[in-house]
Amino acid sequence: MKLLSEKATCNSHGQDSSYFLGWQEYEKNPYDEIQNPKGIIQMGLAENQLSFDLLESWLGQNPDAAGFKRNGESIFRELALFQDYHGLPAFKNALVQFMAEIRGNKVTFDSNNLVLTAGATSANETLMFCLADRGDAFLLPTPYYPGFDRDLKWRTGAEIVPIQCKSSNGFRITKSALEEAYKEAKNRNLRVKGVLVTNPSNPLGTTLTRNELELLLSFVDTKGIHLISDEIYSGTVFNSPNFVSVMEVLIEKNYMYTEVWDRVHIVYSLSKDLGLPGFRVGAIYSNDDVVVSAATKMSSFGLISSQTQYLLSAMLSDKKFTKKYVSENQKRLKKRHAMMVRGLQSAGISCLESNAGLFCWVDMRHLLSSNTFEAEIELWKKIVYEVGLNISPGSSCHCTEPGWFRACFANMSEDTLNLAIQRIKNFVNSSAISTQAHSNQTNQNTNTNTKKKLFSKWGFRLSFNDRER
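According to the working numbering, the sequence shown is numbered sequentially starting from 1.
Don't take each hint at face value.
Claimed, not checked - Derived DSSO-like pairs: lysine-lysine, alpha-carbon spacing no greater than 30 Å straight-line: (1) Lys166 with Lys183; (2) Lys323 with Lys69; (3) Lys166 with Lys153; (4) Lys28 with Lys38; (5) Lys334 with Lys323; (6) Lys335 with Lys382; (7) Lys381 with Lys153; (8) Lys166 with Lys223.
Unchecked claim - Simulated DEER-style distance windows between Cβ atoms: (9) Gln345 with Gln49: 16 to 26 Å; (10) Asn418 with Lys223: 43 to 53 Å; (11) Gln422 with Ser369: 19 to 29 Å; (12) Ser74 with Asp16: 41 to 51 Å; (13) Tyr85 with Lys382: 40 to 50 Å; (14) Arg210 with Phe76: 43 to 53 Å; (15) Arg210 with Glu179: 16 to 26 Å; (16) Arg210 with Gln24: 37 to 47 Å; (17) Ala80 with Ser218: 45 to 55 Å; (18) Thr372 with Lys28: 19 to 29 Å; (19) Thr9 with Lys331: 44 to 54 Å; (20) Gln49 with Lys319: 20 to 30 Å; (21) Ser218 with Asn169: 16 to 26 Å; (22) Ala375 with Ser111: 49 to 59 Å.
Calculated from the structure, these hints are not laboratory results. Every residue, glycine too, gets a C-beta built ideally from N, C-alpha and C.
Could you put the whole structure together from the sequences, leaning on the hints where they help?
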C-alpha cells in the first residue's frame, strides 16, 4: 500500500537543479578567511549585506522598538497573543508608504489592497493558487529566477512556458517572443492565465523599459489574462534608467478602473531592498477585491510574526532613516557592482550592462569548450570545484544560450570579493596557458607527422629509384 502522497515523492521541486546543487557544495566546504581560506566562496546567494551597519545603528538608537516597548512600557504580551491574518495596520501603512517612497512617490498604494505573506516565495505561490488551476500556464521571460520552478509549480500544479529572450537585444521582451510563447502554450493544450515578470530582473539586473511595460499591458489586455510584476528588487536600482513600476504605467495609460486594472498584481518583499531575508516579509498588492480576500485567507499558512511587524513598522515609519537608507544603500550597490565589473573585465570577462540587483549576468561563452549546455555545466563544475566559487549557470535560469552565469556581489566583504575575482583571473590565465600548450602540442604533433610523411615519401622515392637502378 502506498503510504506517502504523490507530492511527497514527486521530483518537481527543482532541488536537483544546478542552482541548488551549487549551494549544497558550498555548504560542504564554505569559505572562511581564517578557518577555511581555500573553501568555496558563495556567489550564488542574492543577499544584501552592504548596509547592515545602518540597520544596526537604527536599532541601537531605537531601543523601544527592538525591546518590544511603546513609550517605555513593554507590549510583549500584546504582541505574543493571537493576531488575525490581516496583519498589524501600523505595519501595513508603513509598508505601502515605503513602497511609494522607493518609486519616487509617483504612485501611492492602499493598505487595504495589501496582503502580507511570509516572504516573496509565499506571495508568488499564493498568487498562483488565486489565479491558476492545475495545468494552467504562466508565461515567463527567460532567463528567470531558478526558484520559480519551485515557487510557481511545485504545490500549485501550474505550468511555466518560457518567453524566449536573446542576448542579441540584451534579453529584452519583444512582441514576437510573447506571441510565440502564447502559441507554444496553446500547442501544448495549456490555458494561459498570465505573464509573470521580475522588475528589476533576476538574474539580469536590468529594469524593464516603459516600452516593455506598455507592451506587456497591451498583451494581457488583448489576451484577457493576468500580469504579475515581481518588484522585490525595486529599491536596488543604482543607476539610470530609473525604476518604473507597472503601477505607474497603468495610471499613465489610463487603465485605472478597467478590467486590466484588476488583473495586474505586484509582489514585494523586504528581503532585498532592506536586506532582511530572515525576517520573511513579503506582500501581494492587487486591485482585485476577490484576489485580496482569497490571498488574505491563504496567508494564514504563512504569516509574519507580530513582533517582526511591530519592529519594522517603527523602522519604516522613520522617514528620515528610510530616506538615508535607500540613498546610501544604492550608492554602495553601485560601488560594489562597478568593482565586480572592473574585476571581471581585467580577467577578460564581460557582463551584461545592468543598473539594479545584487548580481551580474556574466558572459563566459568564450571559455566554453563547445557551444553547448554540456560544456556550460563542465565549466561550472570547474569553477565550483577547482576555482572555489559557487555561481549559477545560465541553464539553471532557463537561458536559451549556453555560457552565461549569474554571480552575486553583495553578500560578502570587499576582501572576499577581491579574492573571488583573483581566483577567476588565475583560472582564466591557467586556462589560456593550457589552451596554448595544447595548441602548441597539436602543432608540434602536426609538424612531426608532416615530417614523418615527407621522410616516408622521400624514403619511398629513394628506394624506388634505387630499385630502378
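Task: Hint numbers contradicted by this structure - done: Structure breaks no hint.
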